[in-house]
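All chains, full assembly: derive it from the sequences and hints.
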Amino acid sequence: MSPRWEGKLRKIDDYRWEIPRSYKAGMRVPGIVYASEEMMETIREEQAMEQVVNVAFLPGIECYSLAMPDIHWGYGFPIGGVAATRVKDGVVSPGGVGFDINCGVRMLRTNLTADEVKPRMEELVNGLFYAIPSGVGAEGKLRVSEKELDQVLVKGARWAVEKGLGLAEDLAVCEEEGAMKGADPDKVSARAKARGKPQLGTVGSGNHFAEVQEVVEIFEPDVAKVMGIQHVGQVTVMVHSGSRGLGHQVCTDYLEVMARAISRYGISLPDRQLACAPVESPEGQDYLAAMAAAANYAWTNRHCMAHWVRETFARVLGKSEVSLGMRLIYDVAHNIAKIEKHSVDGERVSLCVHRKGATRAFPPNHPDIPDVYKKIGQPVLIPGDMGRYSFLAVGTERALKDTWGSTCHGAGRRQSRGAAKRSLKGVNIAQQLREKGIIVRATNMSELAEEASEAYKDVAQVVEVTHQAGISRKIARMRPLGVVKG
Amino acid sequence: MGVKKRFAIIEHTADIGIVAYGSDLKEAFANAAYGFFSLITEPRRIRATIQREIEVRAEDLEGLMVAWLGEFIYLFDAEQLLFKKFVIEELSKTHLKATVYGEKVDQQRHRLKLGIKAVTRHQLSVVARDGVEARVIFDI
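Heads up: the sequence lines are chains P and V, in that order.
Residue numbering for the first sequence follows the numbering used here, beginning at 309 and increasing consecutively.
Residue numbering for the second sequence follows the numbering used here, beginning at 14 and increasing consecutively.
Calculated from the structure, these hints are not laboratory results.
Because the structure is a prediction, the values reported are computed rather than measured.
Incorrect hints may appear among the rest.
[Claimed, not checked] Quick list of in silico lysine-lysine cross-link-like pairs, DSSO-like style, CA-CA up to 27 Å:
(1) V:39 / V:106
(2) V:126 / P:733
(3) P:455 / V:117
What follows is the structure, encoded as structure tokens:
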């Protein structure tokens, strides 16, 4: 649809490419994209690279406009984009977070082996399908009042724990401990709340899922052990979901606010989709307070879903939740903006780090990571597609130095939904997956082709680049056994 | 001459959009709404048993399109409403008033195939030239 991107690139090393400032007048910093030579060919096929360039125009952007190897076209910012702006004179942009605020991933370990669960997989998947409402128009089992919803927006995952949904000890291993500070429900519109209220506790549609997995490869056994991953064949569970209609409405609302703010603050941008306002302006502060509230909704959501996953496993397998050992490994946000302190030219600077389709990847001993992971670094969860595999990785010192402590977030689409459906016409995706030992259940089985492996890039290639470039280290690879799709 | 096409689907790697056609603005806006619901479900299966008044304002025609379709995203998420008939009573560059007809989602009868979560301004255009053509990309 869009023309190929023909801009000049300077190859920094095997996995990094620079778009020099000279590419376009007005770029405040260069662009740096993580990709292999082969991937760069595909990336050039759409205008995502031009979006990396556009982000470099943002007032207050520090050092570079970054993109991870899973970069693809996004609204304003590319997906896979990372940009840090100075709090004192920079801007915050809702497009730098994305519509699905705190879209993220959580992963649970278990004491189970694949051999134990495989004969019961059909029941497990059906159980999960009924326990976790999914799909378009699904309403949650949780009925909350407006007042309670406001509590969700402030307390995040802790709200779920107080309601008896999910474990208190899991909070320590959620990014932000499952509740971002500074959330203000008054900055979230009535419309956003009305959209979010019936959807609390639902996984959503599109590429969101709950997946039972089996560990198939362990790259660093000592590190894996710290996360409770002991052996190949161990069962894990991954949930990928976001802030549903509430987060999308917050983004929609603030894009309008920021579009009006641009001229007031004399900001000129190459693309109006980058609408932004100074971090410290009333508009910027309001957005960050609303974004944090939406992020907390998403953490609550994932905390509730993890609870239902445990309940389902216990019921179907006839085991106690304690004996199942289903502890949370970690929960990451991959669409978020955060105020963080980073070193720039030897000085500690307060930055607003936008990660849109990018995962925080802090190194060992970083103050913001849980004590249990101080020695190994922050766990990074990278889901792939439903037919292949996902990865567990850890953050590194190199990431902190080179990418504001960030790495990739997933595979990214290769084909549009229509193209996927056309190329897989007549193929029974569920049957094909079953033959590979993967049981899948979706509200709308006829739409499964849209989410088939063929529609996605190979996440292994993405993870290889971030691993080789040193911005995260792969620890384990898991393959799906059972998938519940939205 | 065959039946005039009301809309066409725009394919986008990660998102989806529509081009809505009309002999005038009112028709193009009504067809955009019809195209929107065609992405979600099959509009012919929606019954027109309830009606809603919709009134939106914006700074320009494009903004009006975002607000108009945004209204349906809201009504779908908050009240599970689907619509099939769109009678636009007033339409200026900055204001739209309409009565729309549809019903609440019935999971038995309505096959919901796609969740639309936001109306974007990416490649957004409402162009009057030998009829009206409106382009919208959604976040899904």
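Each hint tested on the structure:
no.	hint	in the structure
1	V:39 / V:106	11 Å, holds
2	V:126 / P:733	16 Å, holds
3	P:455 / V:117	26 Å, holds
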